[in-house]
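Given chain A, put chain B in place with the hints provided.
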Amino acid sequence: MRDHQREVTTTGVPPWKSPVALSVALHLLILGVALAGWSWTSSEHEPPPRSISARLITQQEPEPSPVVEPNDQQERNEERRAEEQRRQAEAARQEEARRIAEQKRQDEQEKRQQQEERERQVAEAKEREAQKAREAEAARQKARAEAKEQARQKAEEEKRRQEEAKRLAEEQKRKQEEQRKREEAERKRQEEQARQEAERKRLEAERKLREQQLEAQADAAQKARAEEARRQQEAAAAKAREAQMLSESEKYQALIRERLSQKWYPPSSATEEMTARLQITLLPTGELAGVKLVGTSGNTAFDNSALSAVRSLNRYPIPKERDTFERYFRQFTIEFNPRRMIR
Amino acid sequence: MTHRISNKRFRTFLIVFVLFFVAVSGARAELLIRITEGANAAIPVAVVPFAESGQVPAGDKVSTIVQSDLTMTGEFRTLPPGKMLSLPSRREEVYFRDWRLLGQRYVLVGALTRSGDRIEARFELFDVNREERILGETAAAPASNMRSLAHHISDKVYEAITGVPGAFSTKLAYVTLDNVTGKPRYRLQVSDVDGKRARIRLESQEPILSPAWSPDGKRLAYVSFETGKPVIFVHELASGKRTKVADFPGLNSAPAWSDDGQSLLMTLSKDGNAEIYRMDLGSRQLTKLTNHWAIDTEASWDADGSGIFLTSDRSGGPQIYHMERPGAEPRRITFGSRYNARPRPDDDGQFVYYVHQRDGAFHIARTELKTGEETILTRTGSDESPSVAPNGRMLIYATRQGGSNVLTVISADGGAAYSLPAAEGDVRDPAWGPLVR
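Protein chains in written order, with the working numbering: chain A, 3 to 345; chain B, 1036 to 1472.
FYI, nobody ran anything at the bench for these hints, they're computed from the structure.
We treat Cβ as the ideally placed atom computed from N, Cα and C, and that holds for glycine.
Warning: the hint list may mix true and false statements.
Stated by the list, open to error - Residues from chain A shown here face chain B by an in silico Cβ test under 8 Å; the list is partial:
id, residue
1, Ala237
2, Pro269
3, Glu328
4, Phe331
Claimed, not checked - Derived EDC-like pairs (lysine to aspartate or glutamate); straight-line CA-CA distance at most 20 Å:
id, chain 1, residue 1, chain 2, residue 2
5, A, Lys161, A, Glu151
6, B, Lys1405, B, Asp1461
7, A, Lys294, B, Glu1065
8, A, Lys294, B, Glu1167
9, A, Lys294, B, Glu1166
10, A, Lys265, B, Asp1133
11, A, Lys150, A, Glu137
12, B, Lys1118, B, Glu1128
13, A, Lys253, B, Glu1065
Isolated chain A (complex conformation):
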C-alpha cells in the first residue's frame, strides 16, 4: 500500500508543470506578443488620423488631443489598448462620417475648386487613392490582422482547446495510464499479494501436507508397530492358547483314560493282540452323543466290553473351554488294547 502511494507521488507532475499553468503562461505570452505587434502597427498609422482629427475638431467639440495621449498610452498600456480599440472603432466610424462630410464638402467645393480641385483631386485622388489603398491596405491588413488575429486566436483557441483537449486527453491518458499503472500496480500488487498469499498458502498447504504426511507416516508407523505388537501378541497368545489347549487336552485325555480304564472289563478271552477302535462323539456337556465301532478286535465279547465301557460314563471329563473341546473332544477315537494281560 505504502509502495503504491509512494509510487503515485513519485510519478506525479509538479504543479508548475501542470497543463493549466502552462496554458495560462502561454496565453499571457501570446497576449504580450499581440500587444507588442498592435503597438507597433498603431504607431505606424498615427500621423494620418491626427490630420483628420484636426478637421473633426472644427466640426465638433474639441477634445483632448490624442497626441498627448501616446505618452499616456505608453504609460497605461492596458487602458490604451482598450482605448485604441475603441478609437479604432471610432475612427472607423469617424472615417465614415468624414468621408461623407468630405463628399459633401467636395461637392460644395467642387465647383470652386474644380480645377484646383481637380488637380488636387487628382493628387488627392491619387493621395486618396493611395490613402485609400493604404487604408484599405491598412483595413485589409487590419482585417487581415484581425482575421489573422482571430484566426490566430481561433487557431490559438483551437490549438489551446486542442492542446487542452490534448492535454486533457493526455491528462486523461496519463490519468488512465496512471490509473492503469496504478491498477496494474495494484493488480500486480494484488497479484503479487495473491501470489504471495498463494505461495504462502501453498507453502502452508505443503507444510500442512508434509506435517500430515509425517503425521500419517508416524501414525502409520505407530499403527504398524501396534499392529505388529498386536500380531505378535496374538501369535504368542495363540501359541500359548495352543499349548494351553494341548495341555488341557492332555489333562482330559488322561482323565478319560483313567475313567475308562476303571470302567473297562476286558473279557477273559482278551489278548494283547486284540484292539477295538471306537469313534466317540460327545456333546458339549460331556455326554456321549454317539459311538461307532470303527475297528473290530475280531472278538465280539472284546468289542462289546469296549462299547460297554465307553457307554458306562455318564459324562466324559471334558475341558470347560469350548474351543479345546471342539478341537479335541467333539469327536475322537478310543483304542482298547490290553498291554499286559495277566490272565
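Only chain B this time, still in chain A's reference frame:
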C-alpha cells in the same frame, strides 16, 4: 507312447491324490486315546431272581446257582437281590437307568415255566450301558435237574460276556479221605463244578490217586492201590464198569488221556526206572516215550495233541519238560526253582500250570509258553494237583485249610479264590472234566 503318457499322468494324479489325503489327514489328526488297562475288578452283574410259573421245584433257585457260578470265576461280582430296585423278568420291565445307578454292567432276567415234568427257562442278558440285549434264549430240563439248567444258563451268560464258553456244566472228579469208620476210607467222587451233587464212584480202604477224565467225559482213569500195589483202572461212569489197564511190576501211575480217547499216557517202572509210555487202549500196546536214568513221570498231552509235557529230575530235581513229539528229546520249561512238578497244560496252548516249590512252600504256578514267563498264582502253602478248566479260565487245586485238605477254584490268572464246600475229611487230586457238548 500315448499309453506311457497317460500312465505318467495317472501316476502324477495318484501322487497328488495321496499327498492331498496325507495333508488332509494330517490336518484332521483326530485325538486318539488308547486304553491299555482294564478295571482290576470283577464285572458287576445283576442276576435277577427268575419269575416262576407253575410248580417249580423248591431248593436252590436257578438265579442263586447262576450267581454262585459267576462269582466262582472271580471275574464277576453279583448284586444281592435285596439291593435291587426292581425284579424284572422281561425286557419291558428293565429300567436301565436304575441298573446304571446301581453300578451294574449286565442284568440277567428270566422266567421259569413248568411244562409237564420239565422246566422251561427263558432268559435274557442286557448290557446296561449299551442298553442292548446281548443274550436271549430258552432252555429246558427235567424238573429234577434244575441245577443243570442253571449251570447251562451260567455257561451262556459267561460266554456272552467274556467270549469264552462257560465251564459250569462240567464235572469235577476228586478223591476224599476220611476216617469216619475208624479205617481210612478213600472215595472217588464226581460232582458239579460247584461241588454240588457229588456222587461216590469208588470207595476203597487203599489209596486212590490221579483221576483223569476221558475226552468225552464218560470215563475216568485212575490209580488204585486196592490190590496192594498201584494199578491203573479205566472206569466207565455210566455203567460203573472198571477195567484194569496197567498192572505191570513196579509203578503204574499218572494216567493221561489222548485227545481221541484211544490211548493213555502213563508212567511205568516195569523196566526198573520210571519212564513215560503210551498205551493203546484197544490193543494194550505200549510205546516207551522216554529212556533216561532219571525219573520221568506225570505226562500229559499238550494243547494240540502232538507234544507231551512231563516231569523229570534229570537235571537233579523235578522240573517241567516238553517233548515236541513223543520220543523226542525233552526240553526243559521251568527254571524258577528247584522243584516244579505235575504239569497241566491249558487247552489253548498258552500256559502250563504246575506245582512250584519255593522257600519250603508249594504253590501253583504257571509259565507262559511263548515267553517262558513264570507267575505264581496261589499264596497258600501246601498247594497241589492243579487242574485247568476246559475253557482255560479257571483252575482247581488242592490245598490245606484249617487242618484238612480242600479244593479251591481260582481264575486262571490267579484271581479270586473260591473254595468248594468242605466234604468229609481231606479232598485231594481234583480233575476238571471236559466240556460236554
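Taking the hints in turn, this is what the structure says about them:
At about 19 Å, the closest approach between the beta carbon of Ala237 of chain A and any beta carbon in chain B exceeds 8 Å, and the interface hint on this residue is violated. This hint holds: Pro269 of chain A has a C-beta 4 Å from the nearest C-beta of chain B, less than the 8 Å allowed. Hint status for Glu328 of chain A: violated, given a least beta-carbon distance of 11 Å to chain B, over 8 Å. Checking Phe331 of chain A against chain B by beta carbon gives a least distance of about 7 Å; that is within 8 Å, so the hint holds.
Only pairs whose Cα atoms come within 20 Å are accepted, and Lys161 of chain A paired with Glu151 of chain A is accepted, the gap being roughly 13 Å. For the suggested pair Lys1405 of chain B and Asp1461 of chain B, the alpha carbons sit about 36 Å apart, so the restraint of at most 20 Å is broken. Among the hinted pairs, Lys294 of chain A with Glu1065 of chain B is consistent with the structure: their alpha-carbon atoms are about 15 Å apart, no more than 20 Å. In summary, the hint linking Lys294 of chain A to Glu1167 of chain B is supported, as the alpha carbons are separated by about 15 Å, within the 20 Å threshold.
A distance of roughly 15 Å separates the Cα atoms of Lys294 of chain A and Glu1166 of chain B; the hinted pair therefore holds under the 20 Å criterion. The hinted pair formed by Lys265 of chain A and Asp1133 of chain B meets the criterion: a straight-line CA distance of about 17 Å does not exceed 20 Å. A C-alpha spacing of about 17 Å is found between Lys150 of chain A and Glu137 of chain A, which places the hinted pair at or below 20 Å, so the restraint holds. The suggested pairing of Lys1118 of chain B with Glu1128 of chain B holds, with an alpha-carbon distance near 17 Å, which does not exceed 20 Å.
A distance of roughly 16 Å separates the Cα atoms of Lys253 of chain A and Glu1065 of chain B; the hinted pair therefore holds under the 20 Å criterion.
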